[in-house]
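Chemist: Kindly produce the complete structure, drawing on both the sequences and the hints.
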Amino acid sequence: MGLAKLWKYSGGLLFNLAAVVHHQHKQHFVFSCFQSPSYGASPSQSRRPISWTCICGFMLFALGLISLFTGHVASNVEWYSQRIVKRNWFYKMDGSHRASIDIWKSRYSSFYYGCSERGPHFSSAVRERFSNGYLLIATSGGLNQQRTGITDAVVVARILNATLVVPELDHHSFWKDESDFSNIFDVGWFISYLAKDVTIVKRVPEKVMMSMEKPPYTMRVPRKSEPEYYLEQVLPILLRRRVLQLTKFDYRLASDLDEELQKLRCRVNYHALRFTKPIRNLGQKLVFRMRKMEKRFIAVHLRFEPDMLAFSGCYYGGGDKERYELGEIRKRWATLPELSPDEERARGKCPLTPHEVGLMLRALGFNNDTYLYVASGEIYGGEKTLQPLRELFPNFYTKEMLAGEELQPFLPYSSRLAAIDYIVCDESDVFATNNNGNMAKILAGRRRYMGHKRTIRPNAKRLSALFMARDKMDWATFSRKVKSCQRGFLGEPEENRPGRGDFHEFPSTCICKKPFNLSNFTSKENKYQISSRNPTVSESRYGYLSNSSNPEQKSSQKFSEGSLRDRHGSLIDEIDPDNPLSD
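Numbering-wise (full-length UniProt numbering), the sequence shown opens with residue 1 and increments by one.
Rather than coming from a laboratory, the hints here were simulated on the basis of the structure.
Bear in mind the structure is a predicted one, so any value in this text is a computation, not a measurement.
Idealized CB from N, CA, C, for every residue including glycine.
Each hint should be verified, as a subset may be incorrect.
[To be verified] Straight-line distance between alpha carbons at most 35 Å, and here's what the computed DSBU-like set of lysine-lysine pairs gives:
1) 214 / 176
2) 224 / 514
3) 277 / 105
4) 481 / 514
5) 481 / 321
6) 481 / 295
7) 295 / 514
8) 207 / 277
9) 248 / 196
10) 224 / 277
11) 384 / 321
12) 277 / 248
13) 514 / 384
[To be verified] Computed Cβ-Cβ distance ranges for the label pairs, DEER-style:
14) 61 / 117: 48 to 56 Å
15) 201 / 289: 14 to 22 Å
16) 214 / 319: 30 to 38 Å
17) 255 / 412: 33 to 41 Å
18) 405 / 237: 19 to 27 Å
19) 115 / 206: 39 to 47 Å
20) 205 / 226: 26 to 34 Å
21) 203 / 294: 40 to 48 Å
22) 384 / 476: 27 to 35 Å
23) 212 / 334: 35 to 43 Å
24) 226 / 294: 41 to 49 Å
25) 255 / 450: 37 to 45 Å
26) 178 / 319: 36 to 44 Å
27) 203 / 465: 47 to 55 Å
Modeler: Below, the structure written as structure tokens:
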């Protein structure tokens, strides 16, 4: 349309040029095509009519300039459009910077997909007999912290051209879980899926161990080490000793790597690390049972164990009893500094209470008939602490409630129980958390990779201040402010920017945009707008496009009366990887 207009206007420009030439002739401007008047001639004889050849020449010259310009623009239309599209074109097209947000699903998630395929120049794995040696890995922490260690271990083996021995899980941390790798993850799948990237074996061959004069060399590398560190400091030892063990291996590799290594991380984390069949079967059963009751549900990951709260140094309104109990637990860590609960809360370092999680979800627009799956360990205060959340969301379920006797074989093993929760949280329509621990980060990254499924990560500092002042406003005001706080923390595609946060949480290298198709976008947007104007009974009932909705009278009254008097709602913004309680 723009080019047509330009062409139309160019025609007028040519006629204007002709007029200008004629005017200039009248003003006695001299062009090469004019004939100079002879002295003594009459005025009528001193000027001759402009030659049509000159006029045509000027018109052709002007046309050439216009063609040159329009040709440049036309040849670069696609380039300019791509630049515009690159800057969140879908948000600009419908002016939705402040548009209402679908609380169940991002309207833009279908424009992205996970992409972790190896590139054409990514060489095949080095065979075992030609590798630089065997790499032993001892992970650290809970299940999800160990998951990050396993993922990075594969990448480090690739960097070193080493044969990776199936990593050893941590049996001595706070969790005291005796599970081995093969009890939680499908070893055969792990080895075969990564066969083209890294050679992996279950153990060091007996003949290699027998030929060694000394036991395997053991070392611990600094956190967030760059690939160069491994090549300069670790590789020489591996070449010399042939078998090398890296201990406490969690967050020992830099977050920012080159594209091919980042994609290898994604292949490990999102594809190769598959749970064992018993864990998968029970996890899927729980998902099926939730969906049998209701087609959509929220999974909430609550970290509110006594040890977690003690380590945080926060206060939750339980009076002297709470201060004493958590203080005694805190003495287990002699190196912990003295912390001010008020300052930690203001910095957004304290996990939300279950009640505050419920208030946040209700304020975002989830109705009280929404189904909740709560993934948690031991809750400090037990049922009394959970009761306000149950009142806000009566359809409240846990793995213990859904599985019954089927859970018995898993009860002695915290990591296997965490794996079951992981599956249900991953499969949920919405995932919310009260913290920013390892499970929250890992699942946030996976849900982005698997289609930007709605993931609610509390905005630590702003929510902290808002909860402190919650008794000074009505429900409508509180709801509006919560929605404002949470923009940018709902798992939208635009949140996934390169260089933001830890790669496990924001795997930007492994998320690709689908080619832009305006007609596709328009049809999807029209369909979305029609459904928003005429929601089905099911959509209306479960708040698919819900705005602020007042909770039932009972919960609203409790909110206005400030039944939770501690006023200390905030959450963990960043959990120290050294934290022995990291999940």
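Chemist: Of the hints stated earlier, which fail here?
Modeler: 13, 15, 16, 18, 25
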